[in-house]
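Q: Residue numbers (this note's numbering), protein chains in the order written: chain A, 1 to 316; chain B, 1 to 506; chain C, 1 to 332.
No lab work stands behind these hints: they were computed from the structure.
Just so it is clear, CB atoms sit at the ideal spot from N, CA and C, and this is done for glycine as well.
Accuracy of the hints is not assured; some may be wrong.
A few chain C residues that face chain B, going by a derived Cβ cut-off under 8 Å, partial list only [unchecked claim]:
hint	residue
1	Thr158
2	Arg160
3	Thr200
4	Ser201
5	Ala208
6	Ser211
7	Asn212
8	Asp214
9	Arg217
10	Tyr218
11	Gly220
12	Pro222
13	Arg225
14	Gly278
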Amino acid sequence: MKATVLKFAVAAGLMAGVATGAMAQQKSVTIGVSIPAATHGWTGGVVYHAQETAKQLEKGYPGLKVVVKTSPDGASQANALDDLTSQKVDALVVLPFNSDELTNPMREIKKRGTFVTIVDRGLKDPAIQDIYVAGNNPEFGRVAAKYFVDNLKQGNVVVLRGIPTVVDEERVTNFEKALEGSGIKVLDKQYANWNRDDAFKVMQDYLAKHPKIDAVWASDDDMALGVMEAIRQAKREDIKFVLGGAGMKDMVKKVMDGDKMVPANVSYPPSMISTALGVTAAHFYTNAPMRGTYTLNAELITKDNAKNFYFPNSPF
Amino acid sequence: MDSVLRAENISKSFGPIEVLSGISLDLRPGEVHAVIGENGAGKSTLMRILSGHIPPTKGSLHLNGQPITFSGPVDAESHGIVLVHQEILLASDLTVAQNLFLGREIRRFGFVDDKAMREKTRAILTELGTHIDPDRQVSRLSIADRQLVQIARALLVPHKVVAFDEPTAVLTPIEAESLFEIIRKLRSQGVAVLYISHRLNEVKAVADRVTVLRDGRHITTQGIEGLEPLEMARLMVGRDMSKLYPEKPATASDQTLLTVRDMAVPGFVENVSFALRRGEILGFGGLIGAGRTELFEGIVGLRPSHGTIALDGKDVHFRDAREAMAAGIVYLSEDRKGKGLLLQQNLRINLSLAALDKFTKGSFIDGGAEEIALDRAIKDFDIRTRRRDLLAGQLSGGNQQKLLLAKMMLLEPRIVIIDEPTRGVDIGTKEQIYRFIASLAAEGRAVVVISSEMQELIGLCHRVVVMRNGRVAGEVAQADLSEDSIVYLATGVHEERAAEIAAGHA
Amino acid sequence: MTETVLRTGAEKRRFNVDMRALSPFIALIVLVIAGALINPDFLTASNLLNVVTRSAFIAIIAVGATFVIAGGGLDLSVGSMAALTAGVMILTLNNMGTGDMGTLALGMLVAIGLSAACGLANGLIVTFGRIEPFIVTLGTMGIFRSLVIWLAAGGTITMRNFELRELYRPVYFGSVFGVPYPIIAFMVVAAVGALILYRTSFGRHVVALGSNEDVARYSGVPIWRVRTLTYIIQGVCVGIAVLVYVPRLGSATPTTGLLWELQAITAVVIGGTALKGGIGRIWGTVVGAVILELVANIMVLSNFVSEFLVGAVQGAIIIIAMLVQRSVHRGR
Numbered sequence: 001m002k003a004t005v006l007k008f009a010v011a012a013g014l015m016a017g018v019a020t021g022a023m024a025q026q027k028s029v030t031i032g033v034s035i036p037a038a039t040h041g042w043t044g045g046v047v048y049h050a051q052e053t054a055k056q057l058e059k060g061y062p063g064l065k066v067v068v069k070t071s072p073d074g075a076s077q078a079n080a081l082d083d084l085t086s087q088k089v090d091a092l093v094v095l096p097f098n099s100d101e102l103t104n105p106m107r108e109i110k111k112r113g114t115f116v117t118i119v120d121r122g123l124k125d126p127a128i129q130d131i132y133v134a135g136n137n138p139e140f141g142r143v144a145a146k147y148f149v150d151n152l153k154q155g156n157v158v159v160l161r162g163i164p165t166v167v168d169e170e171r172v173t174n175f176e177k178a179l180e181g182s183g184i185k186v187l188d189k190q191y192a193n194w195n196r197d198d199a200f201k202v203m204q205d206y207l208a209k210h211p212k213i214d215a216v217w218a219s220d221d222d223m224a225l226g227v228m229e230a231i232r233q234a235k236r237e238d239i240k241f242v243l244g245g246a247g248m249k250d251m252v253k254k255v256m257d258g259d260k261m262v263p264a265n266v267s268y269p270p271s272m273i274s275t276a277l278g279v280t281a282a283h284f285y286t287n288a289p290m291r292g293t294y295t296l297n298a299e300l301i302t303k304d305n306a307k308n309f310y311f312p313n314s315p316f
Numbered sequence: 001m002d003s004v005l006r007a008e009n010i011s012k013s014f015g016p017i018e019v020l021s022g023i024s025l026d027l028r029p030g031e032v033h034a035v036i037g038e039n040g041a042g043k044s045t046l047m048r049i050l051s052g053h054i055p056p057t058k059g060s061l062h063l064n065g066q067p068i069t070f071s072g073p074v075d076a077e078s079h080g081i082v083l084v085h086q087e088i089l090l091a092s093d094l095t096v097a098q099n100l101f102l103g104r105e106i107r108r109f110g111f112v113d114d115k116a117m118r119e120k121t122r123a124i125l126t127e128l129g130t131h132i133d134p135d136r137q138v139s140r141l142s143i144a145d146r147q148l149v150q151i152a153r154a155l156l157v158p159h160k161v162v163a164f165d166e167p168t169a170v171l172t173p174i175e176a177e178s179l180f181e182i183i184r185k186l187r188s189q190g191v192a193v194l195y196i197s198h199r200l201n202e203v204k205a206v207a208d209r210v211t212v213l214r215d216g217r218h219i220t221t222q223g224i225e226g227l228e229p230l231e232m233a234r235l236m237v238g239r240d241m242s243k244l245y246p247e248k249p250a251t252a253s254d255q256t257l258l259t260v261r262d263m264a265v266p267g268f269v270e271n272v273s274f275a276l277r278r279g280e281i282l283g284f285g286g287l288i289g290a291g292r293t294e295l296f297e298g299i300v301g302l303r304p305s306h307g308t309i310a311l312d313g314k315d316v317h318f319r320d321a322r323e324a325m326a327a328g329i330v331y332l333s334e335d336r337k338g339k340g341l342l343l344q345q346n347l348r349i350n351l352s353l354a355a356l357d358k359f360t361k362g363s364f365i366d367g368g369a370e371e372i373a374l375d376r377a378i379k380d381f382d383i384r385t386r387r388r389d390l391l392a393g394q395l396s397g398g399n400q401q402k403l404l405l406a407k408m409m410l411l412e413p414r415i416v417i418i419d420e421p422t423r424g425v426d427i428g429t430k431e432q433i434y435r436f437i438a439s440l441a442a443e444g445r446a447v448v449v450i451s452s453e454m455q456e457l458i459g460l461c462h463r464v465v466v467m468r469n470g471r472v473a474g475e476v477a478q479a480d481l482s483e484d485s486i487v488y489l490a491t492g493v494h495e496e497r498a499a500e501i502a503a504g505h506a
Numbered sequence: 001m002t003e004t005v006l007r008t009g010a011e012k013r014r015f016n017v018d019m020r021a022l023s024p025f026i027a028l029i030v031l032v033i034a035g036a037l038i039n040p041d042f043l044t045a046s047n048l049l050n051v052v053t054r055s056a057f058i059a060i061i062a063v064g065a066t067f068v069i070a071g072g073g074l075d076l077s078v079g080s081m082a083a084l085t086a087g088v089m090i091l092t093l094n095n096m097g098t099g100d101m102g103t104l105a106l107g108m109l110v111a112i113g114l115s116a117a118c119g120l121a122n123g124l125i126v127t128f129g130r131i132e133p134f135i136v137t138l139g140t141m142g143i144f145r146s147l148v149i150w151l152a153a154g155g156t157i158t159m160r161n162f163e164l165r166e167l168y169r170p171v172y173f174g175s176v177f178g179v180p181y182p183i184i185a186f187m188v189v190a191a192v193g194a195l196i197l198y199r200t201s202f203g204r205h206v207v208a209l210g211s212n213e214d215v216a217r218y219s220g221v222p223i224w225r226v227r228t229l230t231y232i233i234q235g236v237c238v239g240i241a242v243l244v245y246v247p248r249l250g251s252a253t254p255t256t257g258l259l260w261e262l263q264a265i266t267a268v269v270i271g272g273t274a275l276k277g278g279i280g281r282i283w284g285t286v287v288g289a290v291i292l293e294l295v296a297n298i299m300v301l302s303n304f305v306s307e308f309l310v311g312a313v314q315g316a317i318i319i320i321a322m323l324v325q326r327s328v329h330r331g332r
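Given these sequences and hints, build the entire structure.
A: Quick look at the structure:
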């Protein structure tokens, strides 16, 4: 995925060079990027990809400056946006903590003529965003559910939820909806905060509570790792597999190697920030139309296609 | 003459202990009525009952002949009875005017009217004969000026009875004299003044009638005519004064143990020198704030200080109390509750805290040895406690002082410095503590007693060093020990001026 | 295990049992009964062992926090310190090559050394800088946390050496005579902690310092040394907790140890230690840590609490547990 984005970005850069030629000499564009700080594997991936892509694009597009700001929570993100706009940016690429909270501030920024790109969590008023690069959370839940239906046919499943957010809610609701009418029953669902330690504890408790569990939807790779450690400790043979999500490299590797407990994964690439940056930069340097919504597929990763999703150099 | 406020058969008990029993007292308009008695005689309790701070257990109060009960000090104030507290109860970060009107601010359209309050403050202060700036912050006033502000605050409400609780404790004689002027002025306005003190010369100077309390009982009420301070003292103590203090041990020697030269504690003490000899009790007198406590805290390493300290002829410098203790010097703080004992901990933990090394076997504390030490301390120091697992904070002031003494004596010190040994201690315990201090000297230790009680210094010490404004004002030898000689050094009032003042109100 | 705690808790050779010291145990028993009523699976040996084992990290850290808090201090940095220590330990294990005991021992040494150094830093800044411990440790909390994120480059620090991982794994998952190692570890830490706090001069000095710093100073207690040492003890406890934590998942992430400081402080307070200092109850602290973990376990095992309300019910249970304690010793 990341490779694709970079290829795209570089290609766009070349195109810019060819298309605009001497024009690029005077052109000066600043893109501000506001993303969550690296407090979780996935957001760590986002930070990594944002920084890498920023470097690539600055090399490819002469006169382009990309300023990346990370924030540990929603309130500090609002402040970071103020700081960025005061630096007179031409475009803002934002992955919001909470899209509802940010809708009004972003509207103000938009009014001043800034080009707005939103990533992953769309604003309440879609008119504000020039570009929206979306991960597909409902699809994420549906793809996972479909895997259970296809491979388990029937049985008991336990679910580990993330942090109570729209993202988590969309995933879990659509997961359950997609299971309706199948032979698969959700025994239990609890929040484990996308955290390995919490997932370990919740899974230990599931194992004490439910004598027969057929499979686990951990919904996130960090949580899947905690879950697997708890299963290993309990030496329970009834659990056939654990399905994580987001495509952490260690987990993709397991899929690639044919690990029985980890037969598949669902992609939700942190490199979507690269896509957003590439498209935003291209908007300024090419004449091709870029405005619109880009929905990235939540793809099922299996042994057959895993190598396309494996990036050993990424921190995630 | 009709009385304005009359107390009839007032008794007050705290738990099983009766601190006042059957006191009757009447206050007439236009008189200064002094109540005298030793510490613990019940003066303050009586004052607090009269001013509505606490209700009596038995008996009744009458205002202008009508029985009355006060629901609290505010209620009493609304009936014209105000109390000037002994301690300074002002918010030191606020201005004089803000303090005067604290809790009763003048409002205009819902906002405080600073201008009106400032003017009223200026007026009342002028009336008191002072020119303190109403906008000055209280923390920048002298102690005497703060006292005046406190009086002004009390007089702000319409008053028929004004009670002063030990008002001169922190004042120099000249400042005291202007206070007496204020009191006489109040008297001439027909106000009844209740004046509590144990400074008998002052009482003689200002009072019209005197009521003597002893151990919570009413001893006598007499006119001031023909009642001399000596007779007042006899009435107060109720026995031969010499019995309160033990024989001064004859162990005072010429052998110098500790020499202090040019000692300075920045901000408090300058250029102090003295010598301490084996077997003697050396007193340190002076007014509150003269720097006595700070001097000794500096010597034992509890405050930054510089100067030369020689112990047994060898120069020493203590960086903290631990080092001073190791050298055999202990300091017992005047602030027993804040700096002497852990009020939230039990007796055992308090007792062994300073000398914990003596109770460790290997790495561990020997709890059995601690218990044995506590048994001995309770016996040797006569610590009276219902249960041995009580917390130190549950002991009475006297027993706390005994526990503190026991704690420090575990260190087997050669030099014992005791700051205000009998503050807040009842008379019976006082006697025990005096005897104990004498026995320390008799054992060949050197003892320093810092005290604001002149009688204590005179009755207990071989010599008294008097400090004034952070310096040594002089030394009084045993033969010359008298209240006058100490007061003279402590206040720095020239003899002529003192005579003038004395003549003014004799 | 409850019996063991009870017996040792009463070590103070006193016949009149101190109800205040006993009340956390009563709260624990009430919770266990409640758990058993809610779900019969609760009382299985494996579930109870899991819960107690899980509470080991917080219990060990909270033993250290008991010293700091009893001495009148506070340490908010323990969670980040644990994450940093775990991260550095794993990096050491990854980069020191071979999968033998020697490497493991080195890693452990590094962990304890680093956490003790972090504690020393906290202690020195608090004592010599004369800054409120709340502010100091809030600062170091941020510093330690950022260092982990930086070391992990925003990702995860994972044990790479499989042999080492298998060699180390039993430290969390193994057991002697059915008692998991983490439980043994925290019982030992608590026993040593109790010995130091109740039976040594240093422990007595800690309590004196927490009761009233002035009295301690006027009594010749070396307050600077005592205070610094409490923070070092806290650091060492964090190190020991990390030794037990790392073998569980073999990784450290930027979220490792998040909010552990609050859990540790809560455990200390539930255990009966006064937040303002002067009273320290090691065994109460341990019970407090178990209670915290037990409440979470009961929540998952129960069928009637919506996952949305788990936090509220947990909070309510902790408050009720404290109220039960209060009424127990008020009733006396």
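Q: Looking back at the numbered hints, which does the structure fail to meet, lowest number first?
A: Structure breaks hints 1, 2 and 13.
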